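Given next are the chains, with one letter for each unit.
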Amino acid sequence: MRPSHYIILYNIRISDQRGKKYTMLEVKDLHVTVGGRRILQGINLTINAGETVVLFGPNGSGKTSLLMTIMGMPEYTLTKGKILFKGQDITEAPSYERARLGIGMSFQRPPTIHGLKTRRLVALCARNKAVDIDSLAETVNFRDQLDRDINAGFSGGEIKRSELLQIMAQQPDLLLFDEPESGVDLDNMALVGQSIQSLLDRDRSTTAGLIITHTGYILDYIKADQGYILFDGTLRCRENPRLILEHIRSKGYSECVRCLQEAKVS
Amino acid sequence: MSGTQFTRFFFDGLTPEKITDLANLDPKDRDRMLMAGVDTDEAGHSATFLHLDHGGVYCNSMQDGLEILDTKDALEKYNGLPDYFWKLADPDQDDFTRKAFATLQGGYFVRADRGVKIRKPVQSCLFMKADHVGQSVHNIVIVEENAEVHIITGCATSRPVQHGMHIGISEFYVKKGARLTFTMVHNWGENVVVRPRSVGVVEEGGVFLNNYIMLNPVQSLQMYPTLYLNGRGARCRFNSVMVAPQGSYIDVGNRIILNAPDTRAEIISRSITTGGTMFVRGLIQGNAVPSRGHLECKGLILGKGIIHAIPELEGRAEGIELSHEAAVGKIAQEEIEYLMARGLDEEEATSTIVRGFLNVDIIGLPEQLKNTLDSMIDQLRHEKSAA
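Those protein sequences? They're chains A and B, same order as listed.
Going by the working numbering, the first residue of the first sequence is number 1, and it counts up by one from there.
Going by the working numbering, the first residue of the second sequence is number 1, and it counts up by one from there.
The hints are simulated quantities; they were obtained by calculation from the structure and are not laboratory data.
These numbers were taken from a predicted model, which means no experiment stands behind them.
There may be inaccurate statements among the hints.
To be verified - Partial chain B-side listing against chain A, Cβ under 7 Å, derived:
1) 131
2) 132
3) 343
What the hints assert, rightly or not - Here are some, though not all, of the chain A residues that point toward chain B, as calculated from beta-carbon distances under 10 Å:
4) 91
5) 95
6) 100
7) 105
8) 114
9) 116
10) 153
11) 255
12) 256
13) 260
14) 263
From the three backbone atoms N, C-alpha and C, an ideal C-beta is built for every residue, glycine too.
Build out the structure end to end from the sequences listed, making use of the hints.
Here you go:
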């Protein structure tokens, strides 16, 4: 592990030299419980600016919990470890502060808020930034849904596009996507994939992504640098994400689990 | 509350002089009127009526086919309006109707002529300025066959803490194929007692859309307007948005009687208490088939306060379709957390959700009134955070 002063020095450097790669996110020995149940048990993860990291893993392995914890959702109790964002310790920061610092998350199952129009929420996400909501919505084929109550009766694919639209308005530096492709029909898949990539490309030097994928379809559209399998609450098998995907596709998650369990025993 | 209360208020002796130009009104009073949806700049309206304390002071129609008069003048002009005056409302209903029957100060008489479709809303204001004023008005609205009109009526006091009592009788006649949108905004004071008594009738193919908005304190408000859908295919919708702060006692409901085939009724209410007591009622009675009615009543308790929701359905014919849904609850934590993850702090998230809760789709509300409502909801948020 780097000594802590290293981060501080590094931070000063990046403020002086824009365009140079720096550490966007550093998760150190993260232990998390939900409702008393241990979910994450010693996660270590570093994501540099310009990098996109992909998380694989069987259902219930804790992928969503990791994203939720980075976002600062209160249900996820951190029992040990630290989260640093651009060198700043945000372990104790509430979610809205993290959002304002530049972390944005696309949720799997966001709640319906009656009476809150999607258009209004997108405007709130933009905060002080000037955004053209209609043309932004056009890019994810969501213009016709702008005047619907947020998430009210949305299909799985509509939820994904609505979440993406909110993030596009928010323009965060660290993008957290929880299965952005699930439920999205084939017509909209390319749209969603390309929109995510263009968000990541917005400014390569100040943007990074952490993406959960179960099926891996999203890899057809985005440039991913690093892949992991989340298993038993820890990150395993750091590899080229395409290799991991190929492996899972040909052998299935069950083989993957068997191999990981074997590795644990030995 | 009984009639003995009447002695606390002056029901005569405060007949003000006529006003020729609304611009001459006290700017503070103009602001209070604006908060009740009444704009003294008349450009966006087809007619304006103003009743101050015990008498009508201003009455101006800018539209052909739209008649607006002080009810007293209308009674004189039309020989006592035998077909309309006290024809639906019963003077013997209670102490307040008896008081109104005995004490007529004025009110508005609005008539849209046959087939006339009036695009700009008519605005009317019943304003209480003197302390301990007792106001008693009688309003009559007639929408002739195939006519269309939107009336915005704002009730307000000149100072938020003034004592007063308001009794308002309203009778609505929506004739064949006619359409009435009636938006009532209340902006009373903490020590004001309010007793509206309204009855309406809708004939064949007529439509009555009623919006009621009350976001500011009142001491005590009780009303239960009744609407009869008497003609085949008549429709109505009642939207109510109400907030009861600490000290407010509100007992409000709507009663709709489906007396003809193919009639449809909808009652939608959103209530918030921030410390006050609310009874939110609703009754749809179906006497003819086919007909349909739906009642939706949602309440939110923010802090202290009581919401007692009483939705009632009464089917009196085979084949009737009546339904209701009622809920009294709190803001879901999950919704707050979702918005906080988008960068809103807890207070911003809460007020955004409250605003959404109150955002029933009020039909045809002018932009300016919407903005007024927005600022009132904002104010509500500040009051809540101050408390």
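- prompt: Can you list which hints this structure breaks, lowest number first?
  reply: 1, 2, 4, 10, 11, 12, 13 and 14
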